[in-house]
Each structure stands twice: as structure tokens, then as C-alpha cells.
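Asks: Residue strings, one per chain:
Number of protein chains: 2
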Amino acid sequence: MNSLQSVLEKVRQKPNLRIAVAAAEDKDVLRAVEEACDSSIAQFLLFGDESRMKAITDRERISLSSGVEIRHVPDLNEACRQAVMSVQTGEADIVMKGLVDTSLILKAVLDREHGLRDHGVLSHVAVFEVPGAERLWLVTDAAMHIAPTLEQKVEIIKNAAAVARSLNIEIPRVAPIAAIEKVNPDMPATVDAALLSKMAERGQIPGVEVDGPLALDNAISPQAAEHKGIKSRVAGKADILLLPDIESGNVLYKSLTIVAGARVGGIVVGGRAPVIVTSRADTHETKMYAIALAVMTAYRSYQEMKPLVHL
Amino acid sequence: MNSLQSVLEKVRQKPNLRIAVAAAEDKDVLRAVEEACDSSIAQFLLFGDESRMKAITDRERISLSSGVEIRHVPDLNEACRQAVMSVQTGEADIVMKGLVDTSLILKAVLDREHGLRDHGVLSHVAVFEVPGAERLWLVTDAAMHIAPTLEQKVEIIKNAAAVARSLNIEIPRVAPIAAIEKVNPDMPATVDAALLSKMAERGQIPGVEVDGPLALDNAISPQAAEHKGIKSRVAGKADILLLPDIESGNVLYKSLTIVAGARVGGIVVGGRAPVIVTSRADTHETKMYAIALAVMTAYRSYQEMKPLVHL
Numbered sequence: 011m012n013s014l015q016s017v018l019e020k021v022r023q024k025p026n027l028r029i030a031v032a033a034a035e036d037k038d039v040l041r042a043v044e045e046a047c048d049s050s051i052a053q054f055l056l057f058g059d060e061s062r063m064k065a066i067t068d069r070e071r072i073s074l075s076s077g078v079e080i081r082h083v084p085d086l087n088e089a090c091r092q093a094v095m096s097v098q099t100g101e102a103d104i105v106m107k108g109l110v111d112t113s114l115i116l117k118a119v120l121d122r123e124h125g126l127r128d129h130g131v132l133s134h135v136a137v138f139e140v141p142g143a144e145r146l147w148l149v150t151d152a153a154m155h156i157a158p159t160l161e162q163k164v165e166i167i168k169n170a171a172a173v174a175r176s177l178n179i180e181i182p183r184v185a186p187i188a189a190i191e192k193v194n195p196d197m198p199a200t201v202d203a204a205l206l207s208k209m210a211e212r213g214q215i216p217g218v219e220v221d222g223p224l225a226l227d228n229a230i231s232p233q234a235a236e237h238k239g240i241k242s243r244v245a246g247k248a249d250i251l252l253l254p255d256i257e258s259g260n261v262l263y264k265s266l267t268i269v270a271g272a273r274v275g276g277i278v279v280g281g282r283a284p285v286i287v288t289s290r291a292d293t294h295e296t297k298m299y300a301i302a303l304a305v306m307t308a309y310r311s312y313q314e315m316k317p318l319v320h321l
Numbered sequence: 011m012n013s014l015q016s017v018l019e020k021v022r023q024k025p026n027l028r029i030a031v032a033a034a035e036d037k038d039v040l041r042a043v044e045e046a047c048d049s050s051i052a053q054f055l056l057f058g059d060e061s062r063m064k065a066i067t068d069r070e071r072i073s074l075s076s077g078v079e080i081r082h083v084p085d086l087n088e089a090c091r092q093a094v095m096s097v098q099t100g101e102a103d104i105v106m107k108g109l110v111d112t113s114l115i116l117k118a119v120l121d122r123e124h125g126l127r128d129h130g131v132l133s134h135v136a137v138f139e140v141p142g143a144e145r146l147w148l149v150t151d152a153a154m155h156i157a158p159t160l161e162q163k164v165e166i167i168k169n170a171a172a173v174a175r176s177l178n179i180e181i182p183r184v185a186p187i188a189a190i191e192k193v194n195p196d197m198p199a200t201v202d203a204a205l206l207s208k209m210a211e212r213g214q215i216p217g218v219e220v221d222g223p224l225a226l227d228n229a230i231s232p233q234a235a236e237h238k239g240i241k242s243r244v245a246g247k248a249d250i251l252l253l254p255d256i257e258s259g260n261v262l263y264k265s266l267t268i269v270a271g272a273r274v275g276g277i278v279v280g281g282r283a284p285v286i287v288t289s290r291a292d293t294h295e296t297k298m299y300a301i302a303l304a305v306m307t308a309y310r311s312y313q314e315m316k317p318l319v320h321l
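As given, the protein sequences belong to chains U and Z, one line each in that order.
Residue numbering for the first sequence follows our numbering, beginning at 11 and increasing consecutively.
Residue numbering for the second sequence follows our numbering, beginning at 11 and increasing consecutively.
None of these hints come from the bench; they were simulated from the model.
Glycine included, every Cβ here is placed at the ideal spot set by N, Cα and C.
There could be a bad hint or two in this list.
Unchecked claim - Residues on chain U that point at chain Z, a partial pick, calculated with CB under 10 Å:
hint, residue
1, Ala152
2, Asn194
3, Gln214
4, Pro216
5, Ser258
6, Ser265
7, Ala270
What the hints assert, rightly or not - Between beta-carbon pairs, the in silico distance windows are:
hint, chain 1, residue 1, chain 2, residue 2, range
8, Z, Glu236, U, His237, 37 to 45 Å
9, Z, Pro84, U, Asn178, 30 to 38 Å
10, Z, Arg69, U, Ser16, 47 to 55 Å
11, Z, Arg62, U, Glu236, 22 to 30 Å
To be verified - Below 27 Å or equal to it, Euclidean Cα-Cα: the simulated DSSO-like pairs (lysine-lysine) are:
hint, chain 1, residue 1, chain 2, residue 2
12, U, Lys241, Z, Lys192
13, U, Lys238, Z, Lys238
14, Z, Lys192, Z, Lys168
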């Protein structure tokens, strides 16, 4: 799959998974629910204030089909908790944030008793379709980790690799990005990149090929990598771009979307089910892609026999 | 001026300044010298190994016009020293790196006794012409400072502002970039951005308008800034993008050139004369833009009555 549209098509052909939305009383969220349901991308279980949902659907002429079930839970914390619980109990497969702070929903996901905590590190993965690029780029982490440690970077890579596998990239190529290709002890990004490369080589990060440090051009452009004489199985054809911190991640995310006109969908992974945390500024298209990516990722974890996806 | 081509045109209309090249015995450098001279962008004083220069111009059929003078200085360190000295003595106005490590030429520029040291902080300024953008973007610092301190950021802003003024942007709008718009004590980029804004307001960074933290989209896109409800004289129309570290700067530089197809020229400023440090990977066009920017910046410092430009 080398376009986000093809991901959407793929999802349409599969039996629907079910998405639990926490605090669904929001116009944009309900529009996304309507379209995702109508175009056979997913079914939904909405937790939130039922009368407010009703008022919005009436006013906005949103018609929710039989694939949508509503549970009246007016309290925000409780809506988050019940949405997460519904995945625990097998009623739903994916969690989606509605009209509630991202921190609240992630707290419920990470709750040690009732949450969906796995190894403990959640991270954001954005999948980009860039005009002219031959492959999808997975960019991580542009949203959650301010300055991840080496150990966190290992988990962030694993999380992104799970998303990559769901897109049929079986052994994703991971480029830890830095400003240069050489190891410089004064530049922690280059040091971590070198360590991650060796860790992957030693089997400490299974199922991926990691080679860094690489500057962005040499990670994504075969011409640039060749011109610089870099011999690498990752350079010029990276699937996953691991950014060293939130600033570089955010700058890449924004320049690809705003300047380069790329399409994007993003999800939070690392728990036992993907979490959709689209923001108000996201386009409708970006929301659909996020939902599709979450479905693909949940499906793949089903194939890998994790217990939490129920068909 | 809102294109790099218009900067080139502007330079052509002015009397030529003179560029001192350190270690000019390089094919690409000599080609750039030939074209810059032939198209009335600058005159040159070449320091380096004269017989090797001669061999290259013969082999590559490069013909150097009367605007080029050669001084035989085969030792690299000495070529750097003499190139810098020639600006000191008034024989030249700009320093350009030839076939020599960037560190060597910058060391000569920063030499306390014979160099061109001013306030002591040199920084790199890249001027981008991005398809679809209304103005040129000055990006700093994508090349020299790994993790600048607050004090260094102040000097980096002043350096970029000097380049902006040479492009007739009299009061440049500066956006210190972060991942978010709010001040978060856990995110040093947001803290420094807020401090720089207040410092500019208090007159501690004269001649600029600074407002941050701003994420990249809200710095450059009026639509994004409006959508987010950000009230600011900088948001959506920044001239200077101050990146918090070399990784975010480099990622922006590379994504603009490689992905978004932007044109770029860059120079090193902060000494008493601009320094041209184009790299082997730069296109011929990028080298011409760098030369033109250096000329504009040197001209402007002449207008501002600094003593080092001699016409």
C-alpha cells in the first residue's frame, strides 16, 4: 500500500471493527462517525451525553446508522473509562477521543487496573503520503514525547513497526534522524541513532532494520544517499523516520502537511488497542485516514493472536 | 524582494564587491567563480595552489576573466588566514570557503587577533524561496549551533535580522519555533521562545518583532494562525524562523529543499563580513544564491557605515 486511499479501500473490504468513542458529543466527531459508518470503515459505540449528541445530529442533519450504538455517560472521566473498558471486555476494538482532553483519554488507556497498558510507552505514529514519494512514510513521534530517552526510542520504534506491519511492510526500515550522518558525542541524536542501529543488529529491537544517524535527505532520497556515498540498507528508502525530539518531529509534520501538501493520518499506539486522537484542526480526510489506520493496526494485532480484537 | 532570482538581479545592478576565496583549487568552486564573475555578481581574489588551479581551469575549460586575481598560497591554513586578512585590509569584502574544512575557515574568521570577530557568535542563515509562499523565509540555524543557549539565540536572531535588512525587510518578524504555542516549563524551546519575545519587547533585541512560541504552521500560514485564534503580529507572516536546535533546523532545511522543492541560498553571518560556506552537495544555483546573499549583506553593512566594505 503506497497511498492512504488504498489503506481506506483495504479497510472497506474487511468486516467492520468497532470503535469506542469517549465523549462523542461533538459535531466534527459525529460527522466522522457518520461517514466512517456509511462507507463501511467501522462501527461505533458512542459514550457521552446522549441528549447533547441528539441535539447535534438533529441540528447538523447527521444520520447515524444501525452500526452506531449510544451509551449515555455524561461525565467525561467516566466516558473515557467506559470506552476503554469496552475494549477490555471485547465490545469494541479501538478507542477514539471525542470532546475531551487527550491527556484524559490517554490516562484511562494507561490506567494500571482498568486500562489497555502493554509495555507502558504510548507513542504517536503519523503516516504520510507525500507527493512524488514512492512509499508511505511513518513519522514518529511528532506529538507525545518531548525528548525521549534511548529506552523510550526503542519502544517508539516497536510501536511504529506494528503500524508498518499492518500496512504490509513486514520488516520496516527505520532511520533515526539527526542533523548529520556521523556519530558526534556532542550531538545526542547521533549517539542514540548509532546505539539503536547496533541494538537492532543484536536483536534487541526485533523485526526491523535500523540504520542511523541519517539526515532527512539521506533517509528518504536515494539520490542524496548515493551522492553522499552512504552504504546502507535503510538510506534512501526508510519506511519509519524516528525523530529525536518533539520539535524536529513537529517541524517535519507541519512542513510536510502545510508546505509539501502531503496527506496524513495518525494514531497513538503502544497500548493493547490503537487510540484515535484526531484534533479539531485536522481535516475530515485526516480523520478518516486515522480511523482506517487504527482499524488496520487492530486487525494486524488480531492476526498476531493478541487477544483483544474480537470479530 | 520575494524571490532569490530577484536578489540575483539586484546584485547584478550594483558595483561588484570582491570575494576572497580560501583554497580555490576546486572544480565546483572555480565554476562558481567563473559564472559569478561573468554575470557581474562579484569579483574574486583566489588564495590557494596556483598550479592546481591552472590545471583545473585548463582541464575543465573554465576561463577566469580579468575580475579574478590569484595569489599562490599552497598551505590551507595560510590560505584561510590570508583570505580573512584580505578583508581586514580592505582588499576584499567577503570570505568564501574553497577546498578546505568549514571549521578551518571559521577558525580564521574567529581569530581574536587577525580575524573578523564581532560579538563572537557566528551563525548560519538560509534564505528559502518556497513554492506558493508570499515571502522569503530566513531559517536559522540549520547548520552551526547544536543546541544554542538563550544568549546565543539572541545573537542568532540579530545575525539573521542583518540578512533580512539587506533584503529590504526593515523590521523582520521573528518566530521562535516550538512544537506548541503555549509556554510549557518541560519544553525548553517554548520557554526560550517566550523569553526572546519579552526581550525584544523590552528593546533587548533591537530592530525586530519577536513572537513565540509558535509551531511551524502558525508561524508561516495565516490560515492556520487564524484557525487557531492566535493574535500576533508575527504569526502567519514570519520572516525569520528561529529553530530551537540543529535537528529541527536541519529537518526543516531538508524537507523544504528535498520534499517541497524550495530554492535556497545560505551564508554564515555574525563576523564583520559574511562568509560563504557552500558544500559539495549544493547545486550550482544554490551557490550563486549564496554569493548573491553575501554581497547583499556586505552592501547593507556598508550602508550602515561599518568600516569593512570598500567600494
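Asks: Does each hint hold? Answer for all of them.
Replies: Here is how each hint holds up against the structure:
{"no.": "1", "hint": "Ala152", "in the structure": "8 Å, holds"}
{"no.": "2", "hint": "Asn194", "in the structure": "8 Å, holds"}
{"no.": "3", "hint": "Gln214", "in the structure": "24 Å, violated"}
{"no.": "4", "hint": "Pro216", "in the structure": "27 Å, violated"}
{"no.": "5", "hint": "Ser258", "in the structure": "4 Å, holds"}
{"no.": "6", "hint": "Ser265", "in the structure": "4 Å, holds"}
{"no.": "7", "hint": "Ala270", "in the structure": "4 Å, holds"}
{"no.": "8", "hint": "Z:Glu236 / U:His237: 37 to 45 Å", "in the structure": "41 Å, holds"}
{"no.": "9", "hint": "Z:Pro84 / U:Asn178: 30 to 38 Å", "in the structure": "58 Å, violated"}
{"no.": "10", "hint": "Z:Arg69 / U:Ser16: 47 to 55 Å", "in the structure": "51 Å, holds"}
{"no.": "11", "hint": "Z:Arg62 / U:Glu236: 22 to 30 Å", "in the structure": "28 Å, holds"}
{"no.": "12", "hint": "U:Lys241 / Z:Lys192", "in the structure": "42 Å, violated"}
{"no.": "13", "hint": "U:Lys238 / Z:Lys238", "in the structure": "41 Å, violated"}
{"no.": "14", "hint": "Z:Lys192 / Z:Lys168", "in the structure": "24 Å, holds"}
Of the numbered hints given earlier, the model fails hints 3, 4, 9, 12, 13; all others are met.
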